[in-house]
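Q: Residues per chain, in single letters:
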Amino acid sequence: EAGVAQSPRYKIIEKRQSVAFWCNPISGHATLYWYQQILGQGPKLLIQFQNNGVVDDSQLPKDRFSAERLKGVDSTLKIQPAKLEDSAVYLCASSLGDQANEQFFGPGTRLTVL
Amino acid sequence: GNSVTQMEGPVTLSEEAFLTINCTYTATGYPSLFWYVQYPGEGLQLLLKATKADDKGSNKGFEATYRKETTSFHLEKGSVQVSDSAVYFCALSSWGAQKLVFGQGTRLTINP
Numbered sequence: 001e002a003g004v005a006q007s008p009r010y011k012i013i014e015k016r017q018s019v020a021f022w023c024n025p026i027s028g029h030a031t032l033y034w035y036q037q038i039l040g041q042g043p044k045l046l047i048q049f050q051n052n053g054v055v056d057d058s059q060l061p062k063d064r065f066s067a068e069r070l071k072g073v074d075s076t077l078k079i080q081p082a083k084l085e086d087s088a089v090y091l092c093a094s095s096l097g098d099q100a101n102e103q104f105f106g107p108g109t110r111l112t113v114l
Numbered sequence: 115g116n117s118v119t120q121m122e123g124p125v126t127l128s129e130e131a132f133l134t135i136n137c138t139y140t141a142t143g144y145p146s147l148f149w150y151v152q153y154p155g156e157g158l159q160l161l162l163k164a165t166k167a168d169d170k171g172s173n174k175g176f177e178a179t180y181r182k183e184t185t186s187f188h189l190e191k192g193s194v195q196v197s198d199s200a201v202y203f204c205a206l207s208s209w210g211a212q213k214l215v216f217g218q219g220t221r222l223t224i225n226p
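So the protein lines, in turn, are chains A and B.
In terms of the working numbering, the first sequence has 26 at position 26, counting the first letter as 1, and numbering is strictly consecutive.
Converting from the second sequence to the working numbering requires adding 114 to each position, the first position being numbered 1.
These are calculated hints, taken from the structure and not from any lab test.
Incorrect hints may appear among the rest.
As the list claims (entries may be wrong) - If the Cβ cut is set under 7 Å, some of the chain B residues that face chain A in the computed set are:
1. G157
2. S199
3. V201
4. F203
5. K213
6. Q218
As the structure is a computational prediction, the values presented were derived from the model and not from experiment.
All residues carry an ideal CB built from backbone N, CA and C; glycine is no exception.
Produce the complete structure using the sequences and hints provided.
A: Shown next as structure tokens:
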């Protein structure tokens, strides 16, 4: 079974530029998550989708971050404009959405903002 | 709000040593508890989980017991190997809220 796919794996941009990340969850997984992991910290949820609807985006900085999950499958996360403090690893995870809630994580995209 | 506190790292042990990584949590209700592991260059993987009080999760020789009275979920292994070197994350999810809340992670290095 294929795992969660993410691209790109690495991205370096200058502050005030825009960047987008892509995630393809495990087939059949209804729930998709984007987490931000700053160096030396645990991942922090940015946004959670159930199919193509947003369940939780309470910690998403909506002035600069946006995310969508068209057709309830793939998802993109965008940052516009980027700030230095956005340097982090962005992790995508998916789960069946049942109470067992086992989340499967992709390899992440490491973003460096200069 | 919900939170997880992990033992500060890094932790360095010799091969075959006994491992304990402490984890305590604050949560409303009855959360599910997890340990995730991140090997060098790889993504987060679920190591083990427990969904109710007194449950013991186990995998690959690792164990953790859900202790409601002490709000803890300490990770243990009787004899570590070099291949166990990784970053370990304790996490919880509340009933009805599927998002994971993670601790800060503990980097473990095992020397031969």
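Q: If a hint holds in the structure, say so; if it does not, say that too.
A: To see whether the hints hold, each was checked on the structure:
1. Taking 7 Å as the C-beta contact cut-off toward chain A, the hint placing G157/B at the interface holds, the least distance being around 4 Å.
2. Hint status for S199/B relative to chain A: violated, with the closest Cβ pair at about 17 Å, above 7 Å.
3. For V201/B, the interface hint is violated, the least distance from its beta-carbon to any beta-carbon of chain A being 9 Å, above 7 Å.
4. Nearest Cβ of chain A to the Cβ of F203/B: about 5 Å, under the 7 Å cut. The hint holds.
5. Taken as an interface hint, K213/B checks out: its beta carbon lies about 4 Å from the nearest beta carbon of chain A, inside 7 Å.
6. Of the supplied interface hints, the one on Q218/B holds, with its beta-carbon coming within about 5 Å of a beta-carbon of chain A, less than 7 Å.
Of the hints listed earlier, those the structure fails to meet are numbers 2 and 3, in rising order.
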